[in-house]
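**Q** Using the sequences and the hints given, assemble the complete structure.
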Amino acid sequence: MTTDSTEQLRDAVRAELHPALADLHRFVDRRIAELSAELHASVEIADMGEEQMKSALARIHDQIGQLVAVPAAATRNSGLELEAVVQATEAAANTIMEAAEAIQAWVASGAQDKDAVAAIAARVSSIFEACTFQDVTGQRIRRAIQHLQQVENMLETMIPAGSRPEGPREQVEVKTAMRTVESPAGGDIDQAAIDALLNDF
Numbered sequence: 005m006t007t008d009s010t011e012q013l014r015d016a017v018r019a020e021l022h023p024a025l026a027d028l029h030r031f032v033d034r035r036i037a038e039l040s041a042e043l044h045a046s047v048e049i050a051d052m053g054e055e056q057m058k059s060a061l062a063r064i065h066d067q068i069g070q071l072v073a074v075p076a077a078a079t080r081n082s083g084l085e086l087e088a089v090v091q092a093t094e095a096a097a098n099t100i101m102e103a104a105e106a107i108q109a110w111v112a113s114g115a116q117d118k119d120a121v122a123a124i125a126a127r128v129s130s131i132f133e134a135c136t137f138q139d140v141t142g143q144r145i146r147r148a149i150q151h152l153q154q155v156e157n158m159l160e161t162m163i164p165a166g167s168r169p170e171g172p173r174e175q176v177e178v179k180t181a182m183r184t185v186e187s188p189a190g191g192d193i194d195q196a197a198i199d200a201l202l203n204d205f
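Residue 202 in the working numbering sits at position 198 of the sequence shown; the count goes up by one each step and never skips.
It is worth saying that the hints were derived from the structure and are not from the lab.
Hints should not be assumed to be uniformly reliable.
[Said to hold, decoys possible] Per label pair, the in silico range of CB-to-CB distance:
no. : residue 1 : residue 2 : range
1   : E156      : Q56       : 27 to 37 Å
2   : S40       : L61       : 25 to 35 Å
3   : K58       : H22       : 51 to 61 Å
4   : E42       : R147      : 51 to 61 Å
Ideal Cβ placement from N, Cα and C applies to all residues, glycine included.
**A** This is the structure we're talking about:
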């Protein structure tokens, strides 16, 4: 085969394959562009999701940090408040019981009217019964304190060391006021009956 024949054969092959190769080249370019766009979009979505996750976790850490932080003057620690309630109600109950015992002893030693003595003794017994509210409320509140302490301990393990509040712990001053105490369950003590008992003296 001569050189001219070889060149003619090559030209014929090129002419035959050129359209197909051109189509293949365009197809490959188009697919590369599509894949590049898809990859770019996936990277942007991943970056956005990571940033949103970091932001959400940061907000959660801040919120939990506020929950377990040292209580400020306007936001007292729940456990300390409940413990103060237990102490105050216990002191009130002891005071009432001591007063009732004194009244009962006075009536037993100097009263002459048996009916009046019986009525007053019954009223004194009702005071003792009313004082049992401290046992029930004390148990419930102490359980609540234990639960709060468990929650606080678990939350503290979730807070990074650098995000916890620094500085000395603030001393919490709990102020109590005298008020009528309602029984949490069961029959309520009639306040009018208590007032009537006090008026008798």
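**Q** Where does the structure disagree with the numbered hints, that is, which hint numbers, in rising order?
**A** Of the numbered hints, all hold.
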